[in-house]
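Protein chains: 4
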Amino acid sequence: ALPIAIMAGPCAMESRAHALETAQALKEIAERLGIGLVYKSSFDKANRTSIESGRGVGLAAALPIFAEIRESLGLPVVTDIHEANQCAPVGEVVDILQIPAFLCRQTDLLITAAQTGRVVNVKKGQFLAPWDMANVAAKVTGAGNPNVMLTERGASFGYNTLVSDMRGLPIMAQQTGAPVIFDATHSVQQPGGQGATSGGQREFVPVLARAAVAVGVAGLFIETHPDPDRALSDGPNMVPLVEFEALIAGLMRIDAVAKSLI
Amino acid sequence: ALPIAIMAGPCAMESRAHALETAQALKEIAERLGIGLVYKSSFDKANRTSIESGRGVGLAAALPIFAEIRESLGLPVVTDIHEANQCAPVGEVVDILQIPAFLCRQTDLLITAAQTGRVVNVKKGQFLAPWDMANVAAKVTGAGNPNVMLTERGASFGYNTLVSDMRGLPIMAQQTGAPVIFDATHSVQQPGGQGATSGGQREFVPVLARAAVAVGVAGLFIETHPDPDRALSDGPNMVPLVEFEALIAGLMRIDAVAKSLI
Amino acid sequence: ALPIAIMAGPCAMESRAHALETAQALKEIAERLGIGLVYKSSFDKANRTSIESGRGVGLAAALPIFAEIRESLGLPVVTDIHEANQCAPVGEVVDILQIPAFLCRQTDLLITAAQTGRVVNVKKGQFLAPWDMANVAAKVTGAGNPNVMLTERGASFGYNTLVSDMRGLPIMAQQTGAPVIFDATHSVQQPGGQGATSGGQREFVPVLARAAVAVGVAGLFIETHPDPDRALSDGPNMVPLVEFEALIAGLMRIDAVAKSLI
Amino acid sequence: ALPIAIMAGPCAMESRAHALETAQALKEIAERLGIGLVYKSSFDKANRTSIESGRGVGLAAALPIFAEIRESLGLPVVTDIHEANQCAPVGEVVDILQIPAFLCRQTDLLITAAQTGRVVNVKKGQFLAPWDMANVAAKVTGAGNPNVMLTERGASFGYNTLVSDMRGLPIMAQQTGAPVIFDATHSVQQPGGQGATSGGQREFVPVLARAAVAVGVAGLFIETHPDPDRALSDGPNMVPLVEFEALIAGLMRIDAVAKSLI
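Residue numbers (this note's numbering), protein chains in the order written: chain A, 1 to 262; chain B, 1001 to 1262; chain C, 2001 to 2262; chain D, 3001 to 3262.
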């Protein structure tokens, strides 16, 4: 199996300057570590807990910035989409279209995303079993696009809590053949856990990331931010950018052992 | 508190004749029982487990049929919507716009539905706690529409199983002031439980409906079909139409006692 | 089906005077309501969250008090046991031996309790499915004692929370033929939810009791105390004695309707 | 942190010959790998799903065999106890007394086990949160015995399923300072999942063991048997003895990396 790759970046795009600066820093880290990295950021947080929360710069402002990151830095880019009519314009400037977990069963969104020809990364719904994702992946491949990836981000466990069932990683890989990613950022989310916002437990990102890598995954999804406590979204569970390189370096060492065992 | 009302009909609209026939039968039952009834049917099953499953007649074919049911039978009508651009046209012919559980946090969908001025019935996500629905309701009321209803349809409980926490019914009512409906049909669903389709346990519809009515609800959502085992969708958890009247009559008797106690 | 009976009393026996006073009050309530009542109290809280919590008067002190309640008031008595060697002495003075939920799979305890010839009431473990209780009941009946009862008291739902699946009540009844009781007190417990003690939500006792009675049960288990906030154990989820009669009277009205429907 | 140690052996003691043969094989594996190993076997399966299932050789027959394994092979020994009166006799011949998960809150059992002076290994109840184990550990240490270990073996996740929350491992370690063990055998159990017996998923033992070791644990608990499909108990989730050495060798390599990172 290939070494892990990384999908990383700030949860929400905050500005052109912020995006380019973070992408540049991540590109340098990836080069130093010799790891594949896809830049991730959302142009719209379309399903925030509360209507009071910020949503990001929006589609129109974001697309040229994604294009600039791809061209000037040579980094591939991933972002999430929420309605079928976003697939075509977004698909023109990003490498991977990501389907949010809540929307992972919306047939039209999956098919329209598939029809762009871009890679489609589907996050597993918090309400689904790992084996349920075979039907989800089939909606993409059935639309003629074999490039589907699946991402684990925790399952509902009582109220306002998620749990990561590590058995789900090999189950999804075996049943679909798709690359399986572990999202260590949202797996430590506490949905709605702070009343009008979701809480998180940043200190468990490395814990669950180590576990997933030891089990064996194609890659990790880890949001990072220069100053998480001032981030527009998901601050409680983003890793400070200054800690990112050491975290990934350690995970690469576990990955090397794990891939030699499986 | 007012006596319960009922939202009922076949899960998916199958044809004009099928819709009118079922609506006529339900209207007669409601008149005999002296209960308020809203006719429910979906024009599109937009998030089926598998891409192989049927989806319904579609928006364009369904709207005139909903209009006909309203006009010829005088029944109010509810149906669910999946993308923001469906709100305006559907809002012109139905009384209640329903937000599916998976989509209950999609801000644009909630706001656009609210802006139609129609009643908005939001199903509680399987991944949410009852208290999380206060933020959801606020997205609708914050858009200037006070007519929001909330519907319980079960919470994720391990894999391929839902559980109905009856405490959630008064919690949602107290926190939002909105009418709270119990969906006895989807609460007995076994999501993904038959591989490429969701299973269900029709025999528990009356059980959970009795429990919810005794707790105290504004209404019930119960799908019914003349021949559930040949239904396009959700057959395993729909009540046969022939059993519907007796079921509701019994529930009305429990409701009368419960409302006198609360 | 027969009308509901009630198992009620303070969680822990606190003193002879306290026990007799509470039993007398409950006897009078039961007579006024015309309902069967079994007096419940524990002589030892053998599995408290923390070692700092009180445990009760102990077996030796409690047995004469149980005997006195039976003889002077004519009330049947139930108490819980924790090790096999308690079955014989306790069985001599009580009518029903109760197996705590954590211990519901301990084969020796079940068999020894069965061998006393007393009724054995087994609480369903928070870690079991309703259908798992058929094997549990068979351990009692297989030891030659057909008088087994099963009590639902909530299932684990994430951390520090229980949920009551109302489907479990008819499932247990149908699979075993045993009378099924709903424990409305411990079903609203929040295990470990206050750090060194378990929390509770007393306000949901009537809510869940109404639900269970509407589903159809043989009886209810509801702990009550003259002053719950000063109780030795389970204060947060006991019903104040002063509210008990009205609560039961309302439940009897729901029961009468529900039993006529099932 | 120290390298991992292993608690291993057949779930139930089947005979003297079987025990000595397995212990000898495990001793040789441990010596080749340079890892600490404690021999584990149960003399009584006191809480089997069904009364029809085998229970083991019993206390009286087992104690001399444990003594023989300790003396002739020099292996430390662990076994589980079920009632307080077993603590003293069992404590005379084993190194570690293990408290079963169902019994982890039984105060008398914990205190009596503590009073033997032996190490006490408490399995975390399927119904407890990781932070709830601080109160459990305090029952042992409060009885004057600082030598307490805590073992994770999965949390209830819906019906007939367990899930392993890897965050629980560091939480328990940080809150108690106790060595934390991951039980990879019972974490893949499907309680009651085969009707009258518990099922299991042996293929996930290495998966979850790799995850736990990468997170960081003091040791692993892995049951192994020369012929699991003919084992008296827990066959579906035991590792065949012939695969044991390679499994542990791989886990030691992950452990070396993980311990260098934490």
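Bear in mind the hints are in silico, worked out from the structure with no lab data behind them.
Glycine included, every Cβ here is placed at the ideal spot set by N, Cα and C.
It cannot be assumed that every hint is accurate.
Stated by the list, open to error - Label-pair restraints from in silico Cβ distances: (1) C/D2227 / B/K1259: 30 to 36 Å; (2) D/L3261 / A/A1: 17 to 23 Å; (3) A/D229 / D/P3146: 54 to 60 Å; (4) A/A256 / D/E3243: 20 to 26 Å; (5) B/K1259 / C/S2015: 38 to 44 Å; (6) B/L1059 / D/E3243: 38 to 44 Å; (7) C/E2203 / A/E92: 28 to 34 Å.
To be verified - Some chain C residues judged to face chain B by a derived CB distance under 10 Å, without partners named: (8) I2111; (9) A2256; (10) V2257.
Inset, instruction - Using the Cβ atoms, figure out if A/D229 sits within 54 to 60 Å of D/P3146. - result: violated, 39 Å
Legend entry - Restraint check, 10 Å cut-off on beta carbons, for C/A2256 near chain B: Holds, because the Cβ-Cβ distance from C/A2256 to chain B comes to roughly 8 Å (cut-off 10 Å).
Inset, instruction - Go ahead and decide if the range 38 to 44 Å is satisfied by the Cβ distance of B/L1059 to D/E3243. - result: violated, 57 Å
Inset, instruction - Grab the minimum C-beta distance from C/V2257 to chain B and call the hint holds if it beats 10 Å, violated otherwise. - result: This hint holds: C/V2257 lies near chain B, its Cβ roughly 5 Å from the closest one there, short of 10 Å.
Legend entry - C-beta pair C/E2203, A/E92: status relative to the range 28 to 34 Å that was hinted: With a Cβ separation near 55 Å, C/E2203 and A/E92 fall outside 28 to 34 Å, so the hint is violated.
Legend entry - Restraint satisfaction for C/I2111 [CB to CB of chain B, less than 10 Å]: violated, 31 Å
Inset, instruction - Take the C-beta atom of D/L3261 and the C-beta atom of A/A1, compute their distance, and say whether it sits inside 17 to 23 Å. - result: holds, 21 Å
Inset, instruction - Please test the hint of 38 to 44 Å on the beta carbon pair from B/K1259 and C/S2015. - result: About 41 Å separates the Cβ atoms of B/K1259 and C/S2015, which means 38 to 44 Å holds.
Inset, instruction - Just tell me: holds or violated, for the beta carbon distance of C/D2227 and B/K1259 against 30 to 36 Å? - result: At roughly 31 Å between Cβ atoms, B/K1259 and C/D2227 fall inside 30 to 36 Å, so the hint holds.
Inset, instruction - Using the beta carbons of A/A256 and D/E3243, state whether their distance is inside 20 to 26 Å or not. - result: Between A/A256 and D/E3243, where Cβ atoms are some 23 Å apart, the hint holds.
Figure legend: structure checked against the earlier numbered hints; hints not met, in rising order: 3, 6, 7 and 8.
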